[in-house]
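Asker: Protein chains in written order, with the numbering used here: chain V, 1 to 188; chain F, 1001 to 1119.
Just so you know, these hints were derived from the structure itself, not from any lab.
Among these hints, one or two may not hold up.
Claimed, not checked - Pair ranges (Cβ atoms, derived): (1) F/Glu1118 - V/Pro168: 24 to 34 Å; (2) F/Glu1102 - V/Arg169: 55 to 65 Å; (3) V/Ala34 - F/Asp1110: 36 to 46 Å; (4) F/Glu1016 - V/Gly183: 53 to 63 Å; (5) V/Ser5 - F/Pro1096: 51 to 61 Å; (6) F/His1034 - V/Arg61: 22 to 32 Å; (7) V/Pro168 - F/Arg1062: 34 to 44 Å; (8) V/His185 - F/Asp1090: 29 to 39 Å.
Stated by the list, open to error - Straight-line alpha carbon distances no greater than 30 Å define the calculated DSSO-like cross-link-like pairs of lysine-lysine that follow: (9) V/Lys132 - V/Lys174; (10) F/Lys1104 - V/Lys62; (11) V/Lys35 - V/Lys132; (12) V/Lys174 - V/Lys35; (13) F/Lys1069 - F/Lys1104; (14) V/Lys132 - F/Lys1077; (15) V/Lys15 - F/Lys1077; (16) V/Lys62 - F/Lys1077; (17) V/Lys184 - V/Lys174; (18) V/Lys15 - V/Lys184; (19) V/Lys53 - V/Lys35; (20) F/Lys1071 - F/Lys1104; (21) V/Lys132 - F/Lys1071; (22) V/Lys174 - V/Lys53; (23) F/Lys1104 - F/Lys1077.
For glycine and all other residues, C-beta sits at the position ideal for the given N, C-alpha and C.
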Amino acid sequence: MSQASVADIVFEVIKSRRVSRVFTGEPVADESLAKLVNAARWASSAGNRHVHKFFITRDPRKIALVRSFSPGLLSEPPALIFVLTDHEVAARERLQDGDDANVVDVGTAAQNMMTMAQALGLGTCPVTSFSKSGVGAVLGLPPSLTPELMLMVGHPRPVERVLGANAPRPVTAKELTYWEEAGKHEPA
Amino acid sequence: MPDATAPERSAVLTEEQALQLIAFLTSAAEISIHEPTYYGTFRLTDAASRLIGFMLEHDPPRTGAFLRKLKTELDTKKVWMMWDREAYFDFLRATPAQVAVEVKRLADEDRASRSGAES
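Use the sequences and the hints to build the structure in full.
Answerer: As structure tokens, this is what we get:
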């Protein structure tokens, strides 16, 4: 396959992804969940430090409990994958609190998982609106592990989105991009 | 000893459901420290929806129909916050009036029932 064809396929997967918050009851295969965390493992990692771990649960009871402490979790998906900071690794790597690279690494791991999920026909939704202490306690995490983000994973159920008259139009890459100078949206 | 059979004293939550709601509310309070201020409106609306969901499991005879309709509306329109904020704010402004009509209806029913018992 030519490089151009690969790029087209990758872009199509990226572009067609949408957040899914409603899922069918069909469970997600363990092999698929393993593929998602493997994609996360290959995300860029500042300084190759790999300070994050991944925690997977498919237990409906645990997921319901997590939801109680997670205002951003609007439904109970078949599976959740948590990106955790491992503070023992962070200390060993002399990572300081508030290091932006840590946040970026959580994001790149999540994006790789969402892209891989889209390629597998799965739906995902990243959630950060939760109580870290509450969710950590529900999952039984030791103090050395903090949940930073959870990813809802499941087989998406199509939802009709009713847009009002004031709904914002989609933004374009051009509007978001400056070339050489702030405010200049063209390369020439 | 309260009369557990009186309509206004019928159970609408189990202890476990109440605890789940407390978990949700305290977690929402925690994340409100750093989230955009208007997210708080969403958390409260979602909490109302969750409370109604628990209540409907107990099939409340007097308010069931109203609550079922309100929950559907809350769940449909709360997500407008993400793509049509003005319509969402309009919905927030209008909702308490709907609840007020139901609160008043119940109060009127209770008053009528009390005055019937006294006469």
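Asker: Now tell me if each hint is right for this structure.
Answerer: Okay, the hints, checked on the actual structure:
1. F/Glu1118 - V/Pro168: 24 to 34 Å: Because 58 Å falls outside the window, the suggested range is violated.
2. F/Glu1102 - V/Arg169: 55 to 65 Å: 38 Å, violated
3. V/Ala34 - F/Asp1110: 36 to 46 Å: 58 Å, violated
4. F/Glu1016 - V/Gly183: 53 to 63 Å: 56 Å, holds
5. V/Ser5 - F/Pro1096: 51 to 61 Å: Holds, at about 56 Å.
6. F/His1034 - V/Arg61: 22 to 32 Å: Given about 29 Å between the Cβ atoms, the range holds.
7. V/Pro168 - F/Arg1062: 34 to 44 Å: 41 Å, holds
8. V/His185 - F/Asp1090: 29 to 39 Å: Between V/His185 and F/Asp1090, where Cβ atoms are some 34 Å apart, the hint holds.
9. V/Lys132 - V/Lys174: Violated. V/Lys132 to V/Lys174 sits at ~37 Å, over the 30 Å cutoff.
10. F/Lys1104 - V/Lys62: 40 Å, violated
11. V/Lys35 - V/Lys132: 26 Å, holds
12. V/Lys174 - V/Lys35: 33 Å, violated
13. F/Lys1069 - F/Lys1104: Roughly 17 Å separates the two Cα atoms, so the pair holds.
14. V/Lys132 - F/Lys1077: Answer holds: V/Lys132 to F/Lys1077 is near 28 Å, not above 30 Å.
15. V/Lys15 - F/Lys1077: 26 Å, holds
16. V/Lys62 - F/Lys1077: Status holds; Cα separation ~28 Å.
17. V/Lys184 - V/Lys174: 10 Å, holds
18. V/Lys15 - V/Lys184: Roughly 25 Å between the alpha carbons, so the hint for V/Lys15 and V/Lys184 holds.
19. V/Lys53 - V/Lys35: 15 Å, holds
20. F/Lys1071 - F/Lys1104: Satisfied, since the Cα-Cα distance of roughly 19 Å is no more than 30 Å.
21. V/Lys132 - F/Lys1071: Measuring from Cα to Cα gives roughly 28 Å; hence the hint holds.
22. V/Lys174 - V/Lys53: Distance of about 36 Å is beyond 30 Å: violated.
23. F/Lys1104 - F/Lys1077: 24 Å, holds
Consistency note: the structure conflicts with the earlier hints numbered 1, 2, 3, 9, 10, 12, 22.
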